[in-house]
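Put the complex together from the two separate chains, hints included.
One line per chain: the protein sequences are A and B, in this order.
The first sequence lines up with residues 2 to 333 when you count with my numbering.
The second sequence lines up with residues 46 to 395 when you count with my numbering.
Hints in this document: simulated from the structure, not taken from any laboratory.
Predicted model, so just to flag it, every value in this text is computed and none were measured.
One or more hints might be untrue.
[What the hints assert, rightly or not] Straight-line C-alpha distance at most 16 Å; calculated EDC-like pairs for lysine to aspartate or glutamate:
no., chain 1, residue 1, chain 2, residue 2
1, B, 239, A, 58
2, B, 325, B, 253
3, A, 113, B, 253
4, A, 113, A, 168
5, A, 256, A, 283
6, A, 256, A, 289
For reference, the chains in residue letters:
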Amino acid sequence: MAEREITYREAILTALQEEMRRDPKTLIMGEDIAESGGPFKTTLGLVDEFGPARVRDTPIAETGFVGAALGLALTGWRPIVEIMFADFLGVCFDQIVNGIAKHRLMSGGRVKVPVTIRAIGGAGLRFAAQHSQTAESWMLSVPGLKIVCPSSPAEAYSMLKGAIRDDNPVLVLEHKALLSSKGPVPVGSDDAAMPTGPRILRPGKHVTIVATLAMVGRALEAADLLAADGIEAEVMDLRVLRPFDASAVAESVRKTNRLVLVEEQVAAGGWSASVVADVVTEAFDYLDAPPIRVTLPDYPLPYSPPLEDEAIPSPTRIADAARKLMRDTGRG
Amino acid sequence: MKKPAKAAKPATARGKAAPKAARARRNDAAPALTDADRVGLFQTMIAIREFEEQVQLSYLEGLVHGTTHLCNGQEAVAAGVCKALRDDDYVTYTYRGHGHCLARGMDIEAAFAELFGRETGVCGGFGGSMHLTDMERGLIGAFGIVGAGLPVAVGAGLSAQLAAREQVSVCFFGDGATNIGAFHEAMNMAQVWKLPVVFVCENNLYGEFSHISHTTPYEDLVTRAAGYAMENVKVDGNDVEAVYEAAAVAVARARGGGGPTFIECKTYRHRGHSRTDPAKYRHPDELAAWMKRDPIPVYRARLVKRGVITDRKADAIVAKAREASKAAAARAAAAAWPATGRDMAALTFA
Chain A
2 MAEREITYRE AILTALQEEM RRDPKTLIMG EDIAESGGPF KTTLGLVDEF
52 GPARVRDTPI AETGFVGAAL GLALTGWRPI VEIMFADFLG VCFDQIVNGI
102 AKHRLMSGGR VKVPVTIRAI GGAGLRFAAQ HSQTAESWML SVPGLKIVCP
152 SSPAEAYSML KGAIRDDNPV LVLEHKALLS SKGPVPVGSD DAAMPTGPRI
202 LRPGKHVTIV ATLAMVGRAL EAADLLAADG IEAEVMDLRV LRPFDASAVA
252 ESVRKTNRLV LVEEQVAAGG WSASVVADVV TEAFDYLDAP PIRVTLPDYP
302 LPYSPPLEDE AIPSPTRIAD AARKLMRDTG RG
Chain B
46 MKKPAKAAKP ATARGKAAPK AARARRNDAA PALTDADRVG LFQTMIAIRE
96 FEEQVQLSYL EGLVHGTTHL CNGQEAVAAG VCKALRDDDY VTYTYRGHGH
146 CLARGMDIEA AFAELFGRET GVCGGFGGSM HLTDMERGLI GAFGIVGAGL
196 PVAVGAGLSA QLAAREQVSV CFFGDGATNI GAFHEAMNMA QVWKLPVVFV
246 CENNLYGEFS HISHTTPYED LVTRAAGYAM ENVKVDGNDV EAVYEAAAVA
296 VARARGGGGP TFIECKTYRH RGHSRTDPAK YRHPDELAAW MKRDPIPVYR
346 ARLVKRGVIT DRKADAIVAK AREASKAAAA RAAAAAWPAT GRDMAALTFA
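Pulled out of the complex, with its shape left as it was, chain B reads as follows (with noise of 0.2 Å):
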């Protein structure tokens, strides 16, 4: 665990001192994995991987509308985050959600529906990819403006603080959005009233279509999370272990009254910013050696060499799931439009 440089001492309002624990209390064991944990680790990453495959086929056979963003390859960090949680806690994500919804258990045949534009969808085919919405799983928003969802898990986390039932906000971003002024005045406010947030970076290295060395001024953005004298620690996205033990840490801190951490995975996006962007800005051999370091197989294979599991029960489970999508999509297509001429009023006003 990265201490912060040079921690400040936070301030509070009142001119109390900060609670002890926001300093004192460290917990760098996360509770061990077990193997069994170990393999459904795996099997959420493959059913994200699954699922996103079903949609870049789906997006092309026309029943995606509009665009969509896949997040293949960077599984391991809603995978690793996700299953150090608890289903009372509280989620926020972005355009790019789909991984973080379906880590939380949102049921795929809604999810392919609200893609679908579908009556069945999680939101009644009102949302659409950029905006699934699930509050039974504690998924509160995705955010379709960069940046947008900071201050609203840090609502969330103070919601947590005040209901004293040791809940935790949890903040899925991009690297892109640590250059947006919510994301500044969501961490400032965080660290300032010390609430049960853990802010977890994707830096994919590229916001929309740029790279990070055009738009911001390092690479290592835990150094933002300094800046507010933050807990923070940076990890490798690719590696699902490394992943939840970070976020186990982070998120024992917040139930703990600790306060928030900042966690940088590091990891890539397989593919373009939407379905519109080839990503060829991207140089191959970049590319390549990301490719590499695909977390599906690489966890694959060490869960084989440690004989977690087999490679005919991976199979099994690629296969499973691959069925699972294409069925629950197909299902979804075939469930109705959304009726219209309806009375829109209820809906916009509770």
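Isolated chain A (complex conformation) (with noise of 0.2 Å):
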């Protein structure tokens, strides 16, 4: 093991390497990422050391390979599937939701469905309303999913390697706005625990900031303005989405008494009102005043630059949420 100062995508592409070099029963299918390394090159070289058997390009089918990764999945394999834009989620619903995350308690838990779903979703690059959605909430009510969500590097590398080992499926939604991203990863880790929580980024006494994915840098950078007004933010990387626990959230609450939560998609079925309804539920009390939450607004993602800018919550929209609790509750 060496920490070394990589990008999230090569932090993807050196997980999958690992995991694939550790198990010879895995394999990974998807659009284009055998000879041209996939569309966003995370896949890049795996045909050359693993051959074409397990680096697979697939027909532009989603239903059908995601499909099959459960019939592969069922008869003793672990395969991985990269779902080219997260967008194109919609195109196989039925086989994640219905198929593969069902079948194992259809079985009375007799069988197991070790699957890897790698979907890259979001917004910030100008792909316009159909290949810059993050899909954190469309499977978000899906029971026998699990979904974990990168924000770094480091991240990438361990959620994945933790996914790629889990003996369920496993959603991975990764951020393309991150994949040039660097930072200090672990390369040759043995350790691939999948994150069972939140993570506190910053500490901070004042207020409670909670995002995911690129809204987490996003967070970080209201926390600077934040600091330059004397408010200390706490910004947490809420990382898991499925199965889902806010208590870390609440716990954060018990000590600023005020919350934001940033989320990169529309307001309505978001995970951030289940958050904001764990907190309620588990620390009341300990709330000065009503969480916000900054989010998408609600019409589907316009492409021209300007428009796609406002749409997307920036570190000034995320400081002046904080700023506005901190007013209401009598400390602005």
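Right, dumping it as structure tokens:
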């Protein structure tokens, strides 16, 4: 093991390489992932090392190859599938929701379904409405599925390794705006434990800010803005959408008494609504003001740069929400 | 064996030529059936018929919950195809899957108990009539969503190809499934990767309540397979030996690396789509004509005529199967309900 400064993209590739070396029953399928190394180059060179049987280009047929992953998993393999754009999860929704997620319980717990689904989503790259969704909330209400959201190279590395080793279906929602971001990664690590809950990235005592994926970085930028005003924000990366545990957020709120949630999705049905519900249940008396959810507006994401930028929660919008909470509680 | 019309040269990944076996290997002769095999086929069909008749009775008694989909009339497909399989082959099937499970040897008491939602069910009461799974018999999944099992069968076929143990993945589905996207994606993938998959289409003329002429541009669904340059054959799905022979050829091709086959079995569903469907949309003449072609009496008459079986022996087989189903259902009905209040996390996640 050696800690190296690598990109999010390299972290994904390294995790795939290490786990495919470790377990000969792993294989990866997806569109253009073999010889061309994937549209986002997260599988570059894998086919040279592992061959076309285990690194497999598929037809453009998500229902077909995601369903095939279930058949492989039921017969002793540990398949990994890449969904080129998370938006395409909609194309294979049935195979994931009615097949992969349910097969184990419907069998009375007699089968295992070790499928890893990697889906690269997210806005900020001017890909317009059909290629920019994080799809975080789409499968939030599907029991039998684990969902993780890596916000940094280290998280991308460890979550993917953990997902591949997990005996259950895991949806890893990666973010394309983070692919070139750099950070320290414990390359060669054998510690591949799946995260169980949120992580505090920056401690603070005045307001808790919870975010996922690319919004984590923006929340940290917002914390810098707030620090200039003397407001100490505690920034949490939610990390795990399923199985869902908001108790760490409630614990933070017991200290800060204020809660802002930042989600790169529309408000309706988003994870931040679930976090708020749980925090209200667990720590109602500690909240000095109603939590604020900073989300995408309720329309499909526009293409033009100023229009896309307007829609995505910015550090300023996040900081403004925190300042409002401070004012509303007589501390602004 | 009908060849695909103008079969295009199959393309494969990385620009390599398709395996020669794909087109060269032809084995049109199925292993010949012995008289003991024939009696076995008859017994399998009877076991399925008597099981389904008992399910109907149990349903009326309130023992089967929700709904159930009976396969009366289609027994020859399950019996004939499964006869051509090995124990380590993989099978996917549908909500109308009791027959396939029984043909693979599922314990009937465990099957009844599953339909009754009991602890002793083959899935502990978690799956029910539409989701009988039994990994020990290669019964890897019953799919309640039309067409959903086909991509899964492709995955099992890929698994078999990678393992190189000459296993085969067989996928049962109805005519209705040939209109959904999953069917087309699965057919295409199986053909382009030359997978050992046998697609068995039980064309019973009705997709749920709708006649095939209302939903599909033609009634011969082998046309679909030709569109994927896939080997295909149309058989009388009510003739158990014809089904067996077609399946044996397809299975041999798959085991030998010759790729997938699409078998269209022309058959008929004696009852409605599910237990709430009286199937009044069918013309009485159509029903009467097909009832005359009921695969069980037709085969019985043939075996008696050939001297393979006597009427007395046939009657004894029926009586024994009826008694076995009745007794198994009674034991299943006496079994305990699954315990409630359990920690379900361990069942949901491994």
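Task: Pair hint outcome, residue 239(B) versus residue 58(A) [Cα-Cα no greater than 16 Å] - done: With a Cα-Cα distance of about 14 Å, the restraint between residue 239(B) and residue 58(A) holds, given a limit of 16 Å.
Open item on the list: Need the status of pair residue 256(A), residue 283(A): alpha-carbon distance at most 16 Å?
Closed with: holds, 13 Å
Task: Given hint residue 253(B) paired with residue 113(A) - CA-CA distance at most 16 Å - done: Violated, at roughly 31 Å.
Open item on the list: Between the alpha carbons of residue 325(B) and residue 253(B), is the straight-line distance 16 Å or under?
Closed with: holds, 12 Å
Open item on the list: With the threshold set at 16 Å, check whether the alpha-carbon distance from residue 256(A) to residue 289(A) stays at or below it.
Closed with: Cα-Cα ~11 Å, so holds.
Open item on the list: So if I understand the rule, the pair passes when the alpha-carbon distance is 16 Å or less; does residue 113(A) with residue 168(A) pass?
Closed with: Between residue 113(A) and residue 168(A) the Cα gap is close to 6 Å, so the pair holds against 16 Å.
Comparing the model with each earlier hint shows a violation of hint 3 alone; every other hint is respected.
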